[in-house]
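Asker: We have chain U; now place chain Y onto it with these hints.
2 protein chains.
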Amino acid sequence: MDSDALLSSRAHSTVSSVIRDLLRLVDRPDMLSLAGGLPAPEHLPVARIAEALARVRGTRVGGTRALQYGPTEGMVELREVVAGRLRCPINEIVICTGSQQGLDLVARSLLDPGDLVVVADPSYLGSLQSFRAAGAELHAVASDEDGLDVEALGVVLESGLRPKLVSVVTDFANPTGATLSAARRRRLLELAVGFGFVVVEDNPYGELRWAGEAEPSLGALAAGTPAADLVVTLGSASKVLAPGLRLGWLRGPAWLTDAVVRLKQSSDLHTSSLDQLLAADVLGDTAFMEAHLGLIRADYCTRAGVLVDALSDFGGGRIEAALPDGGMFVWARLTDGSSSSDLFERALEEGVAFVPGAAFSLDIPSDGRRSDRLRMCFTTLRPDELKVAVSRLVSILPR
Amino acid sequence: MDSDALLSSRAHSTVSSVIRDLLRLVDRPDMLSLAGGLPAPEHLPVARIAEALARVRGTRVGGTRALQYGPTEGMVELREVVAGRLRCPINEIVICTGSQQGLDLVARSLLDPGDLVVVADPSYLGSLQSFRAAGAELHAVASDEDGLDVEALGVVLESGLRPKLVSVVTDFANPTGATLSAARRRRLLELAVGFGFVVVEDNPYGELRWAGEAEPSLGALAAGTPAADLVVTLGSASKVLAPGLRLGWLRGPAWLTDAVVRLKQSSDLHTSSLDQLLAADVLGDTAFMEAHLGLIRADYCTRAGVLVDALSDFGGGRIEAALPDGGMFVWARLTDGSSSSDLFERALEEGVAFVPGAAFSLDIPSDGRRSDRLRMCFTTLRPDELKVAVSRLVSILPR
Numbered sequence: 000m001d002s003d004a005l006l007s008s009r010a011h012s013t014v015s016s017v018i019r020d021l022l023r024l025v026d027r028p029d030m031l032s033l034a035g036g037l038p039a040p041e042h043l044p045v046a047r048i049a050e051a052l053a054r055v056r057g058t059r060v061g062g063t064r065a066l067q068y069g070p071t072e073g074m075v076e077l078r079e080v081v082a083g084r085l086r087c088p089i090n091e092i093v094i095c096t097g098s099q100q101g102l103d104l105v106a107r108s109l110l111d112p113g114d115l116v117v118v119a120d121p122s123y124l125g126s127l128q129s130f131r132a133a134g135a136e137l138h139a140v141a142s143d144e145d146g147l148d149v150e151a152l153g154v155v156l157e158s159g160l161r162p163k164l165v166s167v168v169t170d171f172a173n174p175t176g177a178t179l180s181a182a183r184r185r186r187l188l189e190l191a192v193g194f195g196f197v198v199v200e201d202n203p204y205g206e207l208r209w210a211g212e213a214e215p216s217l218g219a220l221a222a223g224t225p226a227a228d229l230v231v232t233l234g235s236a237s238k239v240l241a242p243g244l245r246l247g248w249l250r251g252p253a254w255l256t257d258a259v260v261r262l263k264q265s266s267d268l269h270t271s272s273l274d275q276l277l278a279a280d281v282l283g284d285t286a287f288m289e290a291h292l293g294l295i296r297a298d299y300c301t302r303a304g305v306l307v308d309a310l311s312d313f314g315g316g317r318i319e320a321a322l323p324d325g326g327m328f329v330w331a332r333l334t335d336g337s338s339s340s341d342l343f344e345r346a347l348e349e350g351v352a353f354v355p356g357a358a359f360s361l362d363i364p365s366d367g368r369r370s371d372r373l374r375m376c377f378t379t380l381r382p383d384e385l386k387v388a389v390s391r392l393v394s395i396l397p398r
Numbered sequence: 000m001d002s003d004a005l006l007s008s009r010a011h012s013t014v015s016s017v018i019r020d021l022l023r024l025v026d027r028p029d030m031l032s033l034a035g036g037l038p039a040p041e042h043l044p045v046a047r048i049a050e051a052l053a054r055v056r057g058t059r060v061g062g063t064r065a066l067q068y069g070p071t072e073g074m075v076e077l078r079e080v081v082a083g084r085l086r087c088p089i090n091e092i093v094i095c096t097g098s099q100q101g102l103d104l105v106a107r108s109l110l111d112p113g114d115l116v117v118v119a120d121p122s123y124l125g126s127l128q129s130f131r132a133a134g135a136e137l138h139a140v141a142s143d144e145d146g147l148d149v150e151a152l153g154v155v156l157e158s159g160l161r162p163k164l165v166s167v168v169t170d171f172a173n174p175t176g177a178t179l180s181a182a183r184r185r186r187l188l189e190l191a192v193g194f195g196f197v198v199v200e201d202n203p204y205g206e207l208r209w210a211g212e213a214e215p216s217l218g219a220l221a222a223g224t225p226a227a228d229l230v231v232t233l234g235s236a237s238k239v240l241a242p243g244l245r246l247g248w249l250r251g252p253a254w255l256t257d258a259v260v261r262l263k264q265s266s267d268l269h270t271s272s273l274d275q276l277l278a279a280d281v282l283g284d285t286a287f288m289e290a291h292l293g294l295i296r297a298d299y300c301t302r303a304g305v306l307v308d309a310l311s312d313f314g315g316g317r318i319e320a321a322l323p324d325g326g327m328f329v330w331a332r333l334t335d336g337s338s339s340s341d342l343f344e345r346a347l348e349e350g351v352a353f354v355p356g357a358a359f360s361l362d363i364p365s366d367g368r369r370s371d372r373l374r375m376c377f378t379t380l381r382p383d384e385l386k387v388a389v390s391r392l393v394s395i396l397p398r
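Here the protein sequences line up with chains U and Y, keeping their order. Following numbering that gives the first Met the number 0, the numbering of the first sequence begins with 0 at its first residue and continues without gaps. Following numbering that gives the first Met the number 0, the numbering of the second sequence begins with 0 at its first residue and continues without gaps.
So here's chain U without its partners, still in its complex pose (with noise of 0.2 Å):
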């Protein structure tokens, strides 16, 4: 039988990424790993959750809610949580199936096949498949240490360029750890207003701030203005909460949600009714989240010091990486211009791993400027285990 020939034009488009499958490959039990990028599992609140079922099920109908069919656009109870966190009304947010499919309904509901997505150079290229399996072109900007190169968008889009979307995680964005800057958040807005485009403000990672200020989210920039109706955020429980739970969020302006929601109820009916009762009982807990969010700042800012000192110490200046105000990256440079891909199989053999830079460049003409770096995550190693990565990092490099 020919497979090949009942498989959709989608499913042809859809590849898995080389980089993980090659992770999956290695699974030596002394690996030790800085590639990939889950939240530190001892932070993960297994009892917190434990008492959230005892007391939805100590609720009236809470145990049968929590069984039982719910609302497509969410539960009131998260929602509502969340809409307090963002500081909108509820009536703007959809509960979806982590900020993943938040980002696939939205590029489902706003893409038809050919229609152009705006994404920064270097991107992460797991969010990318969504847009990818919409049918869309993609389009890369530069990004530097201020995020997406927002005047280099504003020629591209003077030049004719007519992008439907544009795509941007604005606080610590994988892999580079950048945050957009306030100046450039004002002209991005200006200019999806100037020429009808979409903004996604992803942000799965501003939660995760232990020193600077936060920039104003899109979001809250836009509101009140004309740019509202064109500003979609997205959220996550995953590296505040648990990624397990699979719970993200989106706001954005009712003629989007309302198409969300149809496409939602064709995708998945509704996200799970228990975890979202968990998530709504620990997220509205602030005294909690504070604490619990407190916890992990000042953990993962310890290990992103330790790991940074231990490629300052260790690497002989042939490595450098500076170190963020949050998030869960370091995004290094190899200082004598080697490539990090041609690294990486003999680090993986040596028993450390990382995601070389070239893994975030687009298949379109590179100049080459990410071969040189290395995303390493600092999550889920300790301090002791992290000198010891680095130390076996450097081990290979060139002298």
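Since the hints were derived computationally from the structure, they do not count as laboratory data. Glycine included, C-beta positions come from ideal geometry on N, C-alpha and C. Any given hint could be a false lead.
Claimed, not checked - Here are the simulated distance ranges between beta carbons:
(1) Gly35(Y) <-> Ala4(U): 36 to 42 Å
(2) Pro70(U) <-> Glu50(Y): 25 to 31 Å
(3) Arg381(Y) <-> Pro70(U): 20 to 26 Å
(4) Ala4(U) <-> Arg86(Y): 27 to 33 Å
(5) Glu348(U) <-> Pro70(Y): 22 to 28 Å
(6) Val60(Y) <-> Ile89(U): 35 to 41 Å
(7) Leu160(Y) <-> Glu41(U): 55 to 61 Å
Answerer: Same frame as chain U, but now just chain Y:
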């Protein structure tokens, strides 16, 4: 802003159900609804799920795994339990966020805009939203008390129709309650191999059988034959455990499950780890499940009997319905040929809801056979309420 111009053609073609919207408007506290499709709330195993959480926490890394990212194809614990229930190798199983997602991922993996899908007439329109969202054209083939009329399908195939996919609810179909006969199952597989289309076997209600013998599943009939490459089976925890967990599964050949998993990665990364581990614990507890399903079947059998008897006792021959062998629905008929749609709004005023038969007809030339039908769900009303509901309905039947 012209937001319509920003929406995709997919979003424009995705409509909400008129009936669902109408029913939402009616929020009378004394409404007796036969319109739903929800399992009986008293059979939702709240205590057993809480016990499962305690057990998951009790294992060495269970609590952490329940809250951490997991594999896209599903957690091995649940895949093992499902493979055991379906008597197939574990690598044929993909866990989905409800069987609705299974349907959606299969549709998107197989269908390009304009591709043809054959469905039964009547069909539950909710299940067709996924095909429409993937851009498919729908072609309806008649069905009767033995399910989809497979000979009629053969005729249209011979005359040149080339569907990429044929979708059937094999057991106690929604809305008719019909079960596909053994002969038609075998013939359907022959046609699939002969004409090269995929058969989706959707079976959420099969385990709710309280009388008669189950037919062998299409997946079981196809095993070891050329048809095995063309059959995908969808299952669900919604009717046997709890819909709020949003857990379904898909069993299919590798060429299709590979594509489904790649697409699921961009759709929601994976299904809730917590819900999967809880369901694995409960579904894997065969002693509990046997007792639990025994209770549900006995109770639904009683309720179905009360409903059918009440229609016969109070209806004075103006409405008739056969007692089903399982499932959740009675497919009643107005014997004087009057229209159930005409009855619908009057019924809501009287405090009783059902779904008019016309709601299950596709937007194709219809011969009007459905307009005398009513779909009645007997699972959520108590026996005394079922009698009141029928008496309210009968009070407005034309004399």
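Asker: Against each hint, give a clear statement of whether it holds in the structure.
Answerer: Quick rundown of the hints versus the structure:
For the pair glycine 35(Y) and alanine 4(U), the beta carbons lie near 41 Å from each other, so the given range of 36 to 42 Å is met. As the Cβ distance of proline 70(U) to glutamate 50(Y) is approximately 28 Å, the hint placing it in 25 to 31 Å holds. Checked against the hint of 20 to 26 Å, the C-beta distance between arginine 381(Y) and proline 70(U) comes to roughly 24 Å, which is consistent with it. Take alanine 4(U) and arginine 86(Y): their Cβ atoms lie about 30 Å apart, and the range 27 to 33 Å holds.
At about 25 Å, the CB distance of glutamate 348(U) to proline 70(Y) agrees with the hint of 22 to 28 Å. The hinted window of 35 to 41 Å between valine 60(Y) and isoleucine 89(U) holds, with their beta carbons roughly 37 Å apart. Under the hint 55 to 61 Å, the C-beta atoms of leucine 160(Y) and glutamate 41(U), about 59 Å apart, fit the expected range.
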